[in-house]
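J.: Chains as they are written, first to last, in the working numbering: chain F, 1 to 250; chain X, 1 to 220; chain V, 1 to 481.
What the hints contain is simulated information worked out from the structure, not anything from laboratory work. Glycine included, every Cβ here is placed at the ideal spot set by N, Cα and C. Mixed in with the good hints there might be a few duds.
[Claimed, not checked] Listed below are the simulated SDA-like cross-link pairs for lysine to any residue, each with C-alpha atoms no more than 25 Å apart in a straight line:
(1) F/K203 / V/M353
(2) V/K29 / F/Q189
(3) V/K49 / X/L46
(4) X/K203 / X/N27
(5) V/K308 / V/M353
(6) X/K180 / X/G95
(7) F/K183 / V/E399
(8) V/K446 / V/A474
(9) F/K183 / V/G281
(10) V/K29 / F/L196
(11) X/K180 / V/G281
(12) V/K314 / V/D391
[Stated by the list, open to error] Just a sample of chain F residues kept apart from chain V, beta carbon distances all over 10 Å, derived:
(13) S98
(14) F106
(15) K120
(16) R160
(17) T202
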Amino acid sequence: MRASLFIACYNDSLFPETGRAVTRLLERLGVELDFHPGQTCCGQMHANSGFRAEAFSQAKRLVRLYEKDEIVVIPGSSCVAMMREQYPGIFQELGNESQRQELAAFLPKVYELSEFLIDKLQVEDVGAYFPHRVTYHASCHGLRGLHLGDRPFRLLSKVRGIDFVPLENMDRCCGFGGTFSVKNPEISQAMLTVKLHDILSTKAEFCTALDNSCLMHLGGAMHRQYAAMRTIHMAEILASTEDCPTEVLT
Amino acid sequence: MTAPVQSRERILSRIRTATASVSAPANQLADVYGRVARTYVRQGKLSNEKRLELMTERLREYDAGVVEATPAELAAVIAGQLESSGKRIFVAPAGLPKEWLAPGFDWKIDEQLTSAEIELTEGVVTASSCAIAESGTIVLHHGPAEGRRVISLLPDWHLCVLRASQVVETLPEYFDRFPKAPPLVTWISGPSATADIEMTRIKGVHGPRFLHVIVVRDDV
Amino acid sequence: MSAAILDPKLAPPFRDAVLPVLRNPMLRKNVAHATQVIQNKRAKLVAEKTDWQELRASASAIRTHVLENLGAYLEQFEERCTAAGGVVHWASDANEARAIILDLLRQENATEAIKIKTMTSAEIQLNPYLETAGITVHETDLAEIILQLGKEEPSHIVVPALHINRSQVREIFSRTMHLENLSDDPKALTAAARHYLREKFLRVPTAISGANFLIAETGAVAVVESEGNGRMCLTLPETMITVVGVEKVLPRFQDLEVMLQILARSATGERMNPYTSLWTGVTPGDGPQRFHVVLLDNERTSILARPKERQTLKCIRCAACMNHCPVYRQTGGHAYGSCYPGPIGAILTPQLMRMEYAQTLPFASSLCGACFEVCPVKIDIPAVLLDLRADAVNIERKEAKRAFDLMYLGLRVANTIFSRPWIFHTAQWFGRVGLRAFTGKDGWIKWLPSIGGRWTHNRDLRGLPSQSFHEWWAARAKETK
Numbered sequence: 001m002r003a004s005l006f007i008a009c010y011n012d013s014l015f016p017e018t019g020r021a022v023t024r025l026l027e028r029l030g031v032e033l034d035f036h037p038g039q040t041c042c043g044q045m046h047a048n049s050g051f052r053a054e055a056f057s058q059a060k061r062l063v064r065l066y067e068k069d070e071i072v073v074i075p076g077s078s079c080v081a082m083m084r085e086q087y088p089g090i091f092q093e094l095g096n097e098s099q100r101q102e103l104a105a106f107l108p109k110v111y112e113l114s115e116f117l118i119d120k121l122q123v124e125d126v127g128a129y130f131p132h133r134v135t136y137h138a139s140c141h142g143l144r145g146l147h148l149g150d151r152p153f154r155l156l157s158k159v160r161g162i163d164f165v166p167l168e169n170m171d172r173c174c175g176f177g178g179t180f181s182v183k184n185p186e187i188s189q190a191m192l193t194v195k196l197h198d199i200l201s202t203k204a205e206f207c208t209a210l211d212n213s214c215l216m217h218l219g220g221a222m223h224r225q226y227a228a229m230r231t232i233h234m235a236e237i238l239a240s241t242e243d244c245p246t247e248v249l250t
Numbered sequence: 001m002t003a004p005v006q007s008r009e010r011i012l013s014r015i016r017t018a019t020a021s022v023s024a025p026a027n028q029l030a031d032v033y034g035r036v037a038r039t040y041v042r043q044g045k046l047s048n049e050k051r052l053e054l055m056t057e058r059l060r061e062y063d064a065g066v067v068e069a070t071p072a073e074l075a076a077v078i079a080g081q082l083e084s085s086g087k088r089i090f091v092a093p094a095g096l097p098k099e100w101l102a103p104g105f106d107w108k109i110d111e112q113l114t115s116a117e118i119e120l121t122e123g124v125v126t127a128s129s130c131a132i133a134e135s136g137t138i139v140l141h142h143g144p145a146e147g148r149r150v151i152s153l154l155p156d157w158h159l160c161v162l163r164a165s166q167v168v169e170t171l172p173e174y175f176d177r178f179p180k181a182p183p184l185v186t187w188i189s190g191p192s193a194t195a196d197i198e199m200t201r202i203k204g205v206h207g208p209r210f211l212h213v214i215v216v217r218d219d220v
Numbered sequence: 001m002s003a004a005i006l007d008p009k010l011a012p013p014f015r016d017a018v019l020p021v022l023r024n025p026m027l028r029k030n031v032a033h034a035t036q037v038i039q040n041k042r043a044k045l046v047a048e049k050t051d052w053q054e055l056r057a058s059a060s061a062i063r064t065h066v067l068e069n070l071g072a073y074l075e076q077f078e079e080r081c082t083a084a085g086g087v088v089h090w091a092s093d094a095n096e097a098r099a100i101i102l103d104l105l106r107q108e109n110a111t112e113a114i115k116i117k118t119m120t121s122a123e124i125q126l127n128p129y130l131e132t133a134g135i136t137v138h139e140t141d142l143a144e145i146i147l148q149l150g151k152e153e154p155s156h157i158v159v160p161a162l163h164i165n166r167s168q169v170r171e172i173f174s175r176t177m178h179l180e181n182l183s184d185d186p187k188a189l190t191a192a193a194r195h196y197l198r199e200k201f202l203r204v205p206t207a208i209s210g211a212n213f214l215i216a217e218t219g220a221v222a223v224v225e226s227e228g229n230g231r232m233c234l235t236l237p238e239t240m241i242t243v244v245g246v247e248k249v250l251p252r253f254q255d256l257e258v259m260l261q262i263l264a265r266s267a268t269g270e271r272m273n274p275y276t277s278l279w280t281g282v283t284p285g286d287g288p289q290r291f292h293v294v295l296l297d298n299e300r301t302s303i304l305a306r307p308k309e310r311q312t313l314k315c316i317r318c319a320a321c322m323n324h325c326p327v328y329r330q331t332g333g334h335a336y337g338s339c340y341p342g343p344i345g346a347i348l349t350p351q352l353m354r355m356e357y358a359q360t361l362p363f364a365s366s367l368c369g370a371c372f373e374v375c376p377v378k379i380d381i382p383a384v385l386l387d388l389r390a391d392a393v394n395i396e397r398k399e400a401k402r403a404f405d406l407m408y409l410g411l412r413v414a415n416t417i418f419s420r421p422w423i424f425h426t427a428q429w430f431g432r433v434g435l436r437a438f439t440g441k442d443g444w445i446k447w448l449p450s451i452g453g454r455w456t457h458n459r460d461l462r463g464l465p466s467q468s469f470h471e472w473w474a475a476r477a478k479e480t481k
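Throw the hints in and build the complete structure from the sequences for me.
T.: In structure tokens, the structure reads:
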């Protein structure tokens, strides 16, 4: 099976290890992975800030970039949600018929990582080994936008050595919300305090999720506070094996 | 201020313009309405016995008193309920069956009593029109045997006579039974309550604080 | 207790309005407790219902159908209500509504009125207007009395005094009702209110209410309540004035079979609220013999005209959205500067204000979507928030000062960066180099100047890795050649 990777702008710049983990994982599962070097951003930041015209210019570039691919895999639930939830409206408002047709052809190709593993590859046990205590935060976009449901749990439950502890108020927003934390930093912090309390109560070593935007917010706070926990994208857990345990960058 | 007629025209005209591309022509409106999808549960599945059990359970959750009576014993059961209330002065709707007016109590029959007069009574006895088991709801249509709305509102104690055959399981079933809307309806689901202070549920703010229901087994 | 400003024209921007709230542990505790209680109760009942999603779907469809045919249904309501003895008035805006109501009160020579809680009256700021005209308005909902006597503002549309705890209520009541030995037990406080209101119910001949639903088919009005003060107000007085938004109409009596099921579960976590009353015009001998309905537009028709925004008007004021909102949970209602707080307030208030005020409200959200998930009539609040953000930006963009606004500059620069891969990659390189000075030995950044400080004020940022993913990919491709 061939798939093209959309890594997401923040992963490319800030979390390349997530991309490396996705590559290792999918290639281990027999996927032939492509990567278009011309990719940049899906436009989410601009769309969520009310800058629709700018978001559209990025969106139409992206859609065209994957014209020839059949599958696009994205290790970021917020990017996938952006495409499914906002692209249609933005293309309706600002695009022409031909661009809307391109979009219509593009959307069915898109898979968030856990969707790709469970729905397309139909695999739950990816051969992972991660002997650590782990809790899972359900990013809002993945939970409510993509209805990922139990996919993350099915994948985590098959990881050998994992000590999974459920997170209380798992579905409560971490307070990042992209530009929300920039425009309303105080209330964002209040939400973060409450969320961190729940996460730290699990006494896990790692807090994982399917989106690095939440994780950089949570992880940044953990680091600032010298908390006994760090964040890790689920791809890096799933990529980890006995022979090749996941690199945990300092 | 715009003259009243102008406001009406202005608002309706703005609505017409706003919905021009989506509104149905007048002669099609009923059809379009009929096409609204309704896949929710309309009909209950419980047996008669289970339905009455559920009704009783829900009423008791609201701290309403519930007793059963056969049609033959109804008058006596009413008398018994009135007796155990410890109250003496009761208001009754003008059309309440005469056999229900148990002797030994001070009955005020409501033929346009004043609020001040009703305020002096201690309890009220009414029939009812329907009841919904799922929510423990009693429905009054305020006909002759149920009385004006004020008499089931001011007294502190309300005895409601409910026939088993009047009990349905779901709310849609009530609307099936009464497709033509009565002009006055009161749905009662337990005594009044508030949770306005620290979300602590307190019962009995206004309206009768004590509700007693006699379920008449007219179904057996 | 604060004197909150609930006039959107005067309220501070959301970011500023939340600050005193965030520093008030008692208020935050009250709000968290109240919203959690309703969340839990609602969740239990929703789980019990096998057809919850079907009810939501029908509720949404019925409300959408009404809005699409609003003119026809309003005219039908008017005709039937009038035939049944009611008088229907139409008010284009808040000014007109207030003037109509005052006029009706004057016709009755009324010096007082008893009132059932209605957010619509708060929207048009009715009480202060009537008080100025010499009419004493007696609120009769327990929460509204607490607010009225305590000179406070509502912070929730169903449980308006949820930010006030029992000892605060005790203080208000003992002071204003002159009760010396009043305990702070909610039972005692409620009994005090019951007693205080009883004589008013029996004496005051004029009442003002809102309405939960208007039934077009029969011209009936439905009021959903818990305490019984509604029944008192709509049964005992001689004159009833109901003020209600034009969007509140339902086609048929039967449609209540859906609405009543979802409303109680969503609003208070009950299968059915204690009392629902329905009346049709005037019934001789029973209840008010003079009945007026004031239909209020006040920008609703503007919202109706926008296809994406129209769904805002589906709202049945259940407050499920704010009960589940993680932002509201930390701020309570006052921070929204409107009688409509929370997620629904964030979309309704700016639109009622024609986006001339309250423009920070659409940004008062992390777009988590919890509101949409629980909304019984399926209002896609996040989608409307995004639309209103675009509206706000389109207005702001034209202002000259925005050329120097760091957010606007930053976003324009970011767009350029994302427009071409070579610019993106170059920017990454610059970022790596530029941030090196701020990156500690452990590879983390603890402080950034200017807009970067919005990140680093409470979080560390890991320094940009020396090799991006795309560079790694390219290097790997070279190796394998």
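J.: Does each hint hold? Answer for all of them.
T.: Status of the hints after comparison with the structure:
1. F/K203 / V/M353: Roughly 47 Å separates the two Cα atoms, so the pair is violated.
2. V/K29 / F/Q189: Measuring from Cα to Cα gives roughly 17 Å; hence the hint holds.
3. V/K49 / X/L46: Between V/K49 and X/L46 the Cα gap is close to 15 Å, so the pair holds against 25 Å.
4. X/K203 / X/N27: 49 Å, violated
5. V/K308 / V/M353: 17 Å, holds
6. X/K180 / X/G95: Within the cut-off at roughly 22 Å; holds.
7. F/K183 / V/E399: The given pair, whose Cα atoms are some 19 Å apart, holds under the 25 Å limit.
8. V/K446 / V/A474: Roughly 31 Å separates the two Cα atoms, so the pair is violated.
9. F/K183 / V/G281: 50 Å, violated
10. V/K29 / F/L196: Since the Cα atoms of V/K29 and F/L196 sit roughly 17 Å apart, the hinted pair holds (cutoff 25 Å).
11. X/K180 / V/G281: 16 Å, holds
12. V/K314 / V/D391: Roughly 21 Å between the alpha carbons, so the hint for V/K314 and V/D391 holds.
13. S98: F/S98 is indeed farther than 10 Å from all Cβ atoms of chain V, at 20 Å.
14. F106: 18 Å, holds
15. K120: Its Cβ never comes within 10 Å of chain V, the nearest being 22 Å, so this holds.
16. R160: 27 Å, holds
17. T202: 19 Å, holds
Consistency note: the structure conflicts with the earlier hints numbered 1, 4, 8 and 9.
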